[in-house]
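Chains R and D, in that order, give the protein sequences.
In terms of the numbering used here, the first sequence is residues 51 to 400.
In terms of the numbering used here, the second sequence is residues 366 to 491.
Hints in this document: simulated from the structure, not taken from any laboratory.
All residues carry an ideal CB built from backbone N, CA and C; glycine is no exception.
Hints are supplied without guarantee of correctness; some may be wrong.
Claimed, not checked - As a list, the in silico EDC-like pairs of lysine to aspartate or glutamate whose alpha-carbon atoms are at most 20 Å apart:
| no. | chain 1 | residue 1 | chain 2 | residue 2 |
| --- | --- | --- | --- | --- |
| 1 | D | K453 | D | E431 |
| 2 | D | K397 | R | E68 |
| 3 | R | K320 | R | D302 |
| 4 | R | K359 | D | D406 |
To be verified - Facing chain R, according to a computed beta carbon distance under 8 Å, are these residues of chain D, among others:
| no. | residue |
| --- | --- |
| 5 | G400 |
| 6 | V403 |
| 7 | Y404 |
| 8 | L413 |
| 9 | E415 |
| 10 | K427 |
| 11 | L479 |
| 12 | D483 |
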Amino acid sequence: MIDFGGWEMPLQYSGIVEEHGAVRRRVGLFDVSHMGKIEIDGSEAAALVNHATTNDVSRLNAGQAQYSAMLYAHGGLVDDILVHKLADDRFFLCVNAANQGKDYAHLLEGGLGAHNRFKARIENAGARYAQLAIQGPRALDTLQKLASVPLAQIRYYWFVDGEVSGARARIARTGYTGEDGFEIYIAPEEAPRVWEEILAAGAEFGIGPCGLGARNTLRLEAKMALYGHEIHASVTPWEADLGWIVKLDKGDFIGKDALIRQRQRGVTRKLTGFEMRGRGIARDGYEVYVDGLPAGWVTSGSPSPTLNKNIGLCYLPAAQARIGQAISILVRGQLVDAVTVPTPFYKRVS
Amino acid sequence: MYPENYRYTKEHEWVQLEGDIGTVGITFHAQKELGDIVYADLPKPGTLVERGKAMGSVESVKAVSEIYSPVSGQVVEVNETLAAAPEKLNQDPHGEAWLVKIKVSAPSEIDGLLSAADYQSYVGAE
Numbered sequence: 051m052i053d054f055g056g057w058e059m060p061l062q063y064s065g066i067v068e069e070h071g072a073v074r075r076r077v078g079l080f081d082v083s084h085m086g087k088i089e090i091d092g093s094e095a096a097a098l099v100n101h102a103t104t105n106d107v108s109r110l111n112a113g114q115a116q117y118s119a120m121l122y123a124h125g126g127l128v129d130d131i132l133v134h135k136l137a138d139d140r141f142f143l144c145v146n147a148a149n150q151g152k153d154y155a156h157l158l159e160g161g162l163g164a165h166n167r168f169k170a171r172i173e174n175a176g177a178r179y180a181q182l183a184i185q186g187p188r189a190l191d192t193l194q195k196l197a198s199v200p201l202a203q204i205r206y207y208w209f210v211d212g213e214v215s216g217a218r219a220r221i222a223r224t225g226y227t228g229e230d231g232f233e234i235y236i237a238p239e240e241a242p243r244v245w246e247e248i249l250a251a252g253a254e255f256g257i258g259p260c261g262l263g264a265r266n267t268l269r270l271e272a273k274m275a276l277y278g279h280e281i282h283a284s285v286t287p288w289e290a291d292l293g294w295i296v297k298l299d300k301g302d303f304i305g306k307d308a309l310i311r312q313r314q315r316g317v318t319r320k321l322t323g324f325e326m327r328g329r330g331i332a333r334d335g336y337e338v339y340v341d342g343l344p345a346g347w348v349t350s351g352s353p354s355p356t357l358n359k360n361i362g363l364c365y366l367p368a369a370q371a372r373i374g375q376a377i378s379i380l381v382r383g384q385l386v387d388a389v390t391v392p393t394p395f396y397k398r399v400s
Numbered sequence: 366m367y368p369e370n371y372r373y374t375k376e377h378e379w380v381q382l383e384g385d386i387g388t389v390g391i392t393f394h395a396q397k398e399l400g401d402i403v404y405a406d407l408p409k410p411g412t413l414v415e416r417g418k419a420m421g422s423v424e425s426v427k428a429v430s431e432i433y434s435p436v437s438g439q440v441v442e443v444n445e446t447l448a449a450a451p452e453k454l455n456q457d458p459h460g461e462a463w464l465v466k467i468k469v470s471a472p473s474e475i476d477g478l479l480s481a482a483d484y485q486s487y488v489g490a491e
């Protein structure tokens with residue numbers, strides 16, 4: 051067990067490689083109840099969320115989820131988040147565990163403002179939800195045995211409110227593994243029972259419980275950003291390769307001016323994928339060298355259980371952030387050869 | 366779990382002394398904490414090592430961990446099989462997956478290490 055944002059969480063159950071393989075080939079179950087939840091409702095809830103986030107919620111239908119980000123006025127990332135539209139006047143945000151308080155304050159001060167510029171109410175709702183993630187090619191078969199609604203009809207990044215094992219559940223076809231799967235939001239008191247029932251339902255498909263270790267290797271292969279690593283207050287969405295969740299045409303939002311200015315000036319560094327050529331594993335924070343000179347830093351690095359290579363993400367000067375660039379990583383005092391590669395490292399065949 | 370004829374460090378190495386040759390490895394507890402081991406970086410034969418000083422590292426999917434020499438001396442043999450099969454460190458850390466053999470320069474250092482029973486109580490129930 052390790053401390054993660056104040057939560058006592060298992061790093062692994064049977065082992066990272068085994069758990070990782072279960073999700074890629076069969077199905078895995080994660081307890082991600084540490085994730086923060088924020089609910090926003092009111093007649094101007096949509097306007098508030100649009101003002102506080104980079105993606106465009108006006109494009110969402112009720113029952114649809116959207117990957118988005120919150121920025122500081124200077125353009126750096128407060129957090130990356132999932133916005134779920136429950137109704138025109140109700141939104142459900144899933145945010146990073148360690149950021150819940152900060153995100154809430156940001157929505158309150160930056161979004162709502164001292165003068166309550168939007169008619170909306172913001173609630174820190176983390177304590178009301180447990181969250182389980184069922185991920186992998188057999189996730190649907192597993193969860194369908196317990197779900198009250200036909201899961202095949204839920205499209206990727208959509209959700210429905212229904213029941214799992216008789217417990218009221220928000221069932222979203224989302225995840226952080228690069229596989230098909232679901233995340234369910236249920237009452238905390240139901241969670242231990244539902245956890246056991248999902249494990250029992252998935253037994254015939256080879257389900258296994260998965261910890262934070264496999265969650266990290268899975269998301270890294272799929273090149274999904276992790277707050278505190280790829281993204282934090284001093285990087286912008288342009289740098290973090292998250293331009294696709296920035297909608298400059300939607301009207302004003304916090305950080306927009308800074309993003310426009312940065313784009314005009316030119317983005318000087320970019321998040322880039324690499325794989326090790328020499329013997330060694332890049333780890334978070336290791337220095338990256340190009341032509342013998344320090345050029346950037348590793349944000350995440352790990353062996354890739356699926357690819358059987360040592361992979362990672364790093365920030366590089368924009369001129370060198372191109373595929374096939376020879377780089378080296380300082381691994382405990384020694385430079386080890388690596389090369390930049392296309393990302394994601396892993397993409398499922400669907 | 367922990368062989369009686371080995372001595373142990375609080376940094377989770379073991380050493381088995383036969384004559385003046387100490388065979389060194391990592392403990393079952395160490396491999397369990399590390400998880401799936403993918404690399405072992407070991408000193409070359411001939412390297413002088415010092416008790417309590419880093420002499421190499423073991424790397425798992427999740428982390429890298431230094432190996433501290435439990436005794437002072439000179440490395441005389443390295444377990445070459447680990448380069449191709451580091452997972453043996455998870456499977457048989459007290460046996461087949463020994464790391465190095467050291468010609469011990471101060472055999473009395475052994476007396477300062479933990480017995481199997483003391484190490485077992487140090488790491489607690491597993």
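Against the structure, the hints come out as follows:
{"no.": "1", "hint": "D:K453 / D:E431", "result": "holds, 18 Å"}
{"no.": "2", "hint": "D:K397 / R:E68", "result": "holds, 14 Å"}
{"no.": "3", "hint": "R:K320 / R:D302", "result": "violated, 25 Å"}
{"no.": "4", "hint": "R:K359 / D:D406", "result": "holds, 17 Å"}
{"no.": "5", "hint": "G400", "result": "holds, 5 Å"}
{"no.": "6", "hint": "V403", "result": "holds, 5 Å"}
{"no.": "7", "hint": "Y404", "result": "holds, 7 Å"}
{"no.": "8", "hint": "L413", "result": "violated, 19 Å"}
{"no.": "9", "hint": "E415", "result": "violated, 18 Å"}
{"no.": "10", "hint": "K427", "result": "holds, 5 Å"}
{"no.": "11", "hint": "L479", "result": "violated, 25 Å"}
{"no.": "12", "hint": "D483", "result": "violated, 25 Å"}
Violated hints, in rising order: 3, 8, 9, 11 and 12; the structure is consistent with all others.
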